[in-house]
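Under our numbering, the residues of the sequence shown are numbered 5 to 631, in order.
Wrong hints could be hidden among the right ones.
[Said to hold, decoys possible] Each computed DSS-like pair below joins lysine-lysine, with the alpha-carbon atoms no more than 30 Å apart: (1) K599 <-> K509; (2) K396 <-> K527; (3) K174 <-> K38.
[Claimed, not checked] Label-pair restraints from in silico Cβ distances: (4) S367 <-> I22: 27 to 37 Å; (5) G584 <-> R619: 45 to 55 Å; (6) R347 <-> D173: 20 to 30 Å; (7) E381 <-> Y217: 21 to 31 Å; (8) Y190 <-> H33: 20 to 30 Å; (9) L226 <-> V200: 22 to 32 Å; (10) L407 <-> T39: 34 to 44 Å.
Derived by calculation from the structure, the hints in this document are not laboratory data.
Please read all numbers here as calculations on a predicted model, not as lab measurements.
A virtual CB, placed ideally from N, CA and C, is assigned to each residue, including glycine.
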Amino acid sequence: SQQREKIFYPNYFCSTDISNRTYSLKITHLMSQKTFYDGIVEVASTKYDTYPAEKRDRTKVYDIIPGDGVYLVDEAPWGFETLLASKSIDGFMMGAKSNARDSTKTSRIKVKWDLTSQINTNHQLKTGFQVDFYNYKMNYGGINPDLPTGRPWTKWERSPYQLGVYGMDKLEYEGWNATLGLRVEYFNPNCEWYDVSAYDRVLFTSKYATGDYKLKKAESLLTFLPRLGISHPITVNSKLYFNYGHMRQRFSPGQLFGVTRITGGQVSSFGNPELPMEKTIEYELGYDHALFDQYLFHAAAYYKDKSDQASSISYVSADNTVDYNQYANIFYQDVRGLEIELRKRVGSWMTGFLNYTYAVYTSGRFGIAQRYENPSEQKKYELNVSTQAQYKPIPQPQAKFNLSFHTPMKFGPAIGKQHVLGGWDMTFTGSWTAGSYVTYGNVIGVTYNIRWRDSKNVDMKIAKTFDFGPLDVTVLTEVFNVLNLKRLSLTSLGDINLTPAIYTKYTESLQFPKKVYDELGDKHLSGSDKLGDYRPSNVKYQEMDYIYTTTNFSNANPLVIYYVEDQGKYFQLDKALSEGGVWQEVSKSRIKKIKDDKAYIFNPCNESFMFFNPRDVFFGVRISYEL
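Make the full structure from the sequences, and use the hints.
The structure is reproduced here in structure tokens:
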């Protein structure tokens, strides 16, 4: 529940320390004029420490009313309050704060070796391998001493490893290039896993106790990933190319090995170490054209087939003692797109690129997401058509740009060896993404009927390097969100599952296009709003609603402006009906003002969480010494 009181309690949330350490060693050896290899050994670790603030000192020593010291209080609201119930009104618990804990430790050892050899003028061979050893010591969850029921906790340790071997041949012949390669990946969960039924009444329920359970060796995964790239010149300044490749995404340790139990021992989520990693097959056909020796025009069409995507399945036993989620590869997605880009590659004063991508996404699920042990419940679930819906193609275009303005290194007057006006770089990086579609309402067959506001952002960076022989000193300034554009964050609405009324009140206050409500068979004030619209902080909230008639409408609120359908006008009570209130028409000018200011939008309660993309300004100095 995201409410205003959180900003008045400094220790509402826990502090989290994240420690990242990486050590690496790289060796490059030139074996001959045609052959060399690179070797890398890297050790990385991450440590999490999430904890509450120091306990509140309840000693009453603070005199908030200067005087004779009669009225003394403790240090509240500072400090972590542990007695949530005993310090409240009549023993009722007044909230649960700082209830997250995390002492997770993860580590990875990577060994990588690559060999490159130019066999002759037509063939370049490249081969290598990479071995990754992982260790996960997961220990995190939530606690609440006064209300322990239902608190999740995850604790497990696993050490999987992964091996990748590849070979690639790059062919060149009279401007025609081709790359043929094959990568073989082997993943071993390196563990034994529970060999029990999906509705086991001991392992998955509150009857759980540590002991011997039937186990089996988790199966390994071997994958072959071919790749092909062809580039063919058309003219001196243009080429046509084609790329084809198979790729696997990195595994998610929580989906593979995670076991989360709530207070009492019942499992709420259960891993699947034999879960295949997400696979992508990608095709790309492109055209490049060099213009005026400075510009590069690029156009490409692509298709990505994503399979083996993980999605959770819920298992529920007939007696409801088993109720947990487990990931399975039951989701798919494909992406079709067109990309156009103009890039200025060289220039003393300006370089950069403009990019536009039009992509269409289609996705869906194989199988079902809910499995009931009770056949009757399962049949009822499967008869719900909406649970089997496949997601129709949804376009989501986006644009990006990068513009870098430079001054020549020796521009302007010199002071000693330094050209104060030379060597300056000012870079603007921006992006625009069309708002994504979401489903509003609960009508079978009506999906993805509204969309978010478009997302826009511009960042800026200014840098200047001073050359002092082997020593380079760079001063820089980075400004993120330089235009201070606002994007509403759903975090301000709180947990939609815990406090759905806040999310509903926000969406109901918006005025979507009329066709949205017509599809839903709903009567509602309409407009041009999108998810993400909000009321400016300096505008007072004015609630609006839609009714058919004022006759016998006894629940009317004098604070609300109503659109009355049978009269086609806006009305408001001058006071409550119980006090003899009279309906009065609201002027068109006032309605226009309310709509122009978006005063009718119910902003989330926690205003401090409305916008998570403030303008940030950073200043820095980078010193480099060349040996």
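Here is how each hint holds up against the structure:
1. K599 <-> K509: It holds: about 17 Å lies between the C-alpha atoms, which stays within 30 Å.
2. K396 <-> K527: holds (26 Å)
3. K174 <-> K38: holds (14 Å)
4. S367 <-> I22: 27 to 37 Å: Cβ of S367 to Cβ of I22: about 32 Å, so the range 27 to 37 Å holds.
5. G584 <-> R619: 45 to 55 Å: At 52 Å between Cβs, range holds.
6. R347 <-> D173: 20 to 30 Å: For R347 and D173 the Cβ distance comes to about 29 Å; the hint holds.
7. E381 <-> Y217: 21 to 31 Å: Between E381 and Y217, where Cβ atoms are some 27 Å apart, the hint holds.
8. Y190 <-> H33: 20 to 30 Å: holds (27 Å)
9. L226 <-> V200: 22 to 32 Å: With a Cβ separation near 26 Å, L226 and V200 satisfy 22 to 32 Å, so the hint holds.
10. L407 <-> T39: 34 to 44 Å: Holds - the Cβ-Cβ distance for L407 and T39, about 41 Å, lies within 34 to 44 Å.
The earlier numbered hints are all upheld by this structure, with none contradicted.
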